[in-house]
Amino acid sequence: MKRIGVADTTFARVDLAGYAVRTLQEQGTGFRVLRRTVPGIKDLPVACRQLFRTDGADLCLALGMPGPAELDRTSAEVASMGLMMTGVLEAKPIVECFVYEAEARSPAEFETLARRRAQEHAINAYAMLFRPHDLARHAGEGLRQGFPDVGPVRRTH
Amino acid sequence: MKRIGVADTTFARVDLAGYAVRTLQEQGTGFRVLRRTVPGIKDLPVACRQLFRTDGADLCLALGMPGPAELDRTSAEVASMGLMMTGVLEAKPIVECFVYEAEARSPAEFETLARRRAQEHAINAYAMLFRPHDLARHAGEGLRQGFPDVGPVRRTH
Amino acid sequence: MKRIGVADTTFARVDLAGYAVRTLQEQGTGFRVLRRTVPGIKDLPVACRQLFRTDGADLCLALGMPGPAELDRTSAEVASMGLMMTGVLEAKPIVECFVYEAEARSPAEFETLARRRAQEHAINAYAMLFRPHDLARHAGEGLRQGFPDVGPVRRTH
Amino acid sequence: MKRIGVADTTFARVDLAGYAVRTLQEQGTGFRVLRRTVPGIKDLPVACRQLFRTDGADLCLALGMPGPAELDRTSAEVASMGLMMTGVLEAKPIVECFVYEAEARSPAEFETLARRRAQEHAINAYAMLFRPHDLARHAGEGLRQGFPDVGPVRRTH
Amino acid sequence: MKRIGVADTTFARVDLAGYAVRTLQEQGTGFRVLRRTVPGIKDLPVACRQLFRTDGADLCLALGMPGPAELDRTSAEVASMGLMMTGVLEAKPIVECFVYEAEARSPAEFETLARRRAQEHAINAYAMLFRPHDLARHAGEGLRQGFPDVGPVRRTH
Chain A
1 MKRIGVADTT FARVDLAGYA VRTLQEQGTG FRVLRRTVPG IKDLPVACRQ
51 LFRTDGADLC LALGMPGPAE LDRTSAEVAS MGLMMTGVLE AKPIVECFVY
101 EAEARSPAEF ETLARRRAQE HAINAYAMLF RPHDLARHAG EGLRQGFPDV
151 GPVRRTH
Chain B
1 MKRIGVADTT FARVDLAGYA VRTLQEQGTG FRVLRRTVPG IKDLPVACRQ
51 LFRTDGADLC LALGMPGPAE LDRTSAEVAS MGLMMTGVLE AKPIVECFVY
101 EAEARSPAEF ETLARRRAQE HAINAYAMLF RPHDLARHAG EGLRQGFPDV
151 GPVRRTH
Chain C
1 MKRIGVADTT FARVDLAGYA VRTLQEQGTG FRVLRRTVPG IKDLPVACRQ
51 LFRTDGADLC LALGMPGPAE LDRTSAEVAS MGLMMTGVLE AKPIVECFVY
101 EAEARSPAEF ETLARRRAQE HAINAYAMLF RPHDLARHAG EGLRQGFPDV
151 GPVRRTH
Chain D
1 MKRIGVADTT FARVDLAGYA VRTLQEQGTG FRVLRRTVPG IKDLPVACRQ
51 LFRTDGADLC LALGMPGPAE LDRTSAEVAS MGLMMTGVLE AKPIVECFVY
101 EAEARSPAEF ETLARRRAQE HAINAYAMLF RPHDLARHAG EGLRQGFPDV
151 GPVRRTH
Chain E
1 MKRIGVADTT FARVDLAGYA VRTLQEQGTG FRVLRRTVPG IKDLPVACRQ
51 LFRTDGADLC LALGMPGPAE LDRTSAEVAS MGLMMTGVLE AKPIVECFVY
101 EAEARSPAEF ETLARRRAQE HAINAYAMLF RPHDLARHAG EGLRQGFPDV
151 GPVRRTH
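As you go down the protein sequences, you meet chains A, B, C, D and E in turn.
The first sequence begins at 1 in our numbering and counts up one residue at a time.
The second sequence begins at 1 in our numbering and counts up one residue at a time.
The third sequence begins at 1 in our numbering and counts up one residue at a time.
The fourth sequence begins at 1 in our numbering and counts up one residue at a time.
The fifth sequence begins at 1 in our numbering and counts up one residue at a time.
Some hints could be false.
Examples of chain E residues toward chain D, derived with CB under 8 Å [said to hold, decoys possible]:
| id | residue |
| --- | --- |
| 1 | Gly67 |
| 2 | Pro68 |
| 3 | Ala69 |
| 4 | Leu71 |
| 5 | Thr74 |
| 6 | Met84 |
| 7 | Lys92 |
| 8 | Pro93 |
| 9 | Glu96 |
| 10 | Glu101 |
| 11 | Asn124 |
| 12 | Leu129 |
| 13 | Gly142 |
| 14 | Pro148 |
| 15 | Val150 |
| 16 | Val153 |
Stretches of chain B that chain D covers, calculated by requiring three or more beta carbons in the stretch to come under 8 Å of a beta carbon on chain D [as the list claims (entries may be wrong)]:
| id | segment |
| --- | --- |
| 17 | 15-27 |
| 18 | 132-146 |
Here are the computed lysine-lysine pairs in the DSSO-like style, where the Cα-Cα straight-line distance is at most 30 Å [as the list claims (entries may be wrong)]:
| id | chain 1 | residue 1 | chain 2 | residue 2 |
| --- | --- | --- | --- | --- |
| 19 | C | Lys92 | E | Lys2 |
| 20 | B | Lys92 | A | Lys92 |
| 21 | C | Lys92 | A | Lys92 |
| 22 | E | Lys92 | D | Lys92 |
| 23 | C | Lys2 | A | Lys92 |
| 24 | D | Lys92 | B | Lys92 |
| 25 | A | Lys2 | B | Lys92 |
| 26 | D | Lys2 | D | Lys92 |
| 27 | E | Lys92 | C | Lys92 |
| 28 | C | Lys2 | C | Lys92 |
| 29 | B | Lys2 | B | Lys92 |
| 30 | E | Lys2 | E | Lys92 |
| 31 | A | Lys92 | A | Lys2 |
| 32 | B | Lys2 | D | Lys92 |
| 33 | D | Lys2 | E | Lys92 |
What the hints contain is simulated information worked out from the structure, not anything from laboratory work.
Note that CB positions come from ideal geometry on N, CA and C, so glycine has one too.
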């Protein structure tokens, strides 16, 4: 039985973890979900570290929404570097799923984008643990999360 | 008995730790506060490392005010990366509470912002240690520290 | 028998690993290729860490295409720092091969650039493992990957 | 007997370590000064690491002057990150004292700024080791190094 | 017998290591030079790590030329952070000698700058290992590598 850690925040404005967990469960069985909710994205790396160390996770999904201000940009970078450090030190994957408000033009569009990205990263997380060959089959095919796949370069010319 | 480390600076222009400690004490019991004051925000990561290692803290609050100059911006990033490294290496949470002068329009507004942010981060720190389910219940709800909560995206359209 | 790890992504729009592996095989024998495909470039450092630790790789090739948006730029930096951290911690080489869409003016030119860069980094990877003296002989000679070599400065004046 | 490591550079244009050491000696006794001079600011982190590891320092002062060019800006960031990493790994304080030429309008003003900053950081270093309560008493009071203290926000409105 | 590691690249357009090694040999005896040539500057940190670990180097010289494009700027930062990490983890000095094409106005001027910088960093490397007092004597004197020394601030007013 594998363990998938799911870390999310109270700062985010969409229930990213809800979408991710439901999608994980639709992919198959053979895993248990462990959750930790923290205040903001900078708290996600330690939450993942604890999901790995204390809770025995084999992979973590780190879900968050960086704020829209210029200073939030730096926070996102530091959070991202912290997730990277944690994954490398643990030698276990952390699927980072960040959604930025500036990526959408309206609240409705944003909700859709956030939901889709959480779902597609959850599908990826499941594949990384249970179906690595699915990923290998799509190497270099221009897949995207939250937006439509763009496809390989050859097909576009 | 849990231990909460509180690190602050002589550089800051508001007694952030005073507000944080009073708020922590209003949340409940079952913990002891350990304090270290250092000159500036770049000294906070080692102060936290020592609060964890020497003083046995279970979580640290790192409170500071980056200066207003362009160079201070870089200092804030390095300080933030240092706090991130420390938290990840210790596998224990560091609640970073930084307040920037540019975030407010007047000294009075700034004092209010700084006080509220220190208080709300202290509430978060307490929740992370003693009431993780409180955080889980508010996942994705657009909570903020120092400013009014913005709420989830759904409610805004 | 040496082991060469090859990590690539489903996000990339060119089969970089395909080109790299074929080129490696043209260089000689004495090695086995181990592959891992992950969703995006930020997943490459942990894939390499696992190729080293779990699969016993002696060197890794990390192939990816950062996206064209401003935010993707930061992702590329974080991915690159993660590859650096992994290589340094393992004390084993990771040949980073990133191709940016903005480096070419048309899809056809881009495909050519991506293919050549993957091939030339594969040649370098082979040389690092099997023919370090080939590299030493070309020290300071202005070699390039994906574009024509520029040569040493002396020859240009 | 405590040990204070003092690392400085031949690149700097002011004898920062001279000012710092004299100021340390004016603060009291109970410590020995250990010195290492390196070429530039990027060499300071390893010098501090060696002052801790080989020479048994309890705290280090790292003194330097980043150059005025745009590229020097990046060097300062890397040096600063290196000092941060070293302090966190050793769990011992490194007081970073960097002075930038752009901070002053004339050579005379610069010399004064550099001297004062070195002196005030030396006072801080001494306080961190021998009088932590002095720092605690001034928490949140807007102290500065090299420029006049700005005081707490309350006093300014 | 000390060991000096020299790492350089095939990307550079000047034989920096050639100049550095000749200069090292002019400084005195008591050391052996160990060399590793890698493709680009991002490969230098692992090369240095291996020079320390596998080859027993006491100090490394890392010589490279970042490319002129905007993207190369980021590569230089990542390479520089990697060298910093390696030096700090090994607790041994890495003398970074990077030369940027934009620092000179003509190929001839560039060749001269590159040669001088390699030579002067080699002199520094030798001094760090064999004559630390030479460096201490010049603390705060405004020495430069590749350009004329600027001298201390006092002398300029």
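A quick look at each hint next to the structure:
no.: 1; hint: Gly67; in the structure: violated, 14 Å
no.: 2; hint: Pro68; in the structure: violated, 13 Å
no.: 3; hint: Ala69; in the structure: violated, 15 Å
no.: 4; hint: Leu71; in the structure: violated, 15 Å
no.: 5; hint: Thr74; in the structure: violated, 10 Å
no.: 6; hint: Met84; in the structure: holds, 4 Å
no.: 7; hint: Lys92; in the structure: holds, 7 Å
no.: 8; hint: Pro93; in the structure: holds, 5 Å
no.: 9; hint: Glu96; in the structure: holds, 6 Å
no.: 10; hint: Glu101; in the structure: violated, 12 Å
no.: 11; hint: Asn124; in the structure: holds, 4 Å
no.: 12; hint: Leu129; in the structure: violated, 12 Å
no.: 13; hint: Gly142; in the structure: holds, 4 Å
no.: 14; hint: Pro148; in the structure: violated, 13 Å
no.: 15; hint: Val150; in the structure: holds, 6 Å
no.: 16; hint: Val153; in the structure: holds, 4 Å
no.: 17; hint: 15-27; in the structure: holds (count 4)
no.: 18; hint: 132-146; in the structure: violated (count 0)
no.: 19; hint: C:Lys92 / E:Lys2; in the structure: holds, 24 Å
no.: 20; hint: B:Lys92 / A:Lys92; in the structure: holds, 18 Å
no.: 21; hint: C:Lys92 / A:Lys92; in the structure: holds, 18 Å
no.: 22; hint: E:Lys92 / D:Lys92; in the structure: holds, 18 Å
no.: 23; hint: C:Lys2 / A:Lys92; in the structure: holds, 24 Å
no.: 24; hint: D:Lys92 / B:Lys92; in the structure: holds, 18 Å
no.: 25; hint: A:Lys2 / B:Lys92; in the structure: holds, 24 Å
no.: 26; hint: D:Lys2 / D:Lys92; in the structure: holds, 13 Å
no.: 27; hint: E:Lys92 / C:Lys92; in the structure: holds, 18 Å
no.: 28; hint: C:Lys2 / C:Lys92; in the structure: holds, 13 Å
no.: 29; hint: B:Lys2 / B:Lys92; in the structure: holds, 13 Å
no.: 30; hint: E:Lys2 / E:Lys92; in the structure: holds, 13 Å
no.: 31; hint: A:Lys92 / A:Lys2; in the structure: holds, 13 Å
no.: 32; hint: B:Lys2 / D:Lys92; in the structure: holds, 24 Å
no.: 33; hint: D:Lys2 / E:Lys92; in the structure: holds, 24 Å
Checked against the numbered hints above, the structure violates hints 1, 2, 3, 4, 5, 10, 12, 14, 18; every other hint is satisfied.
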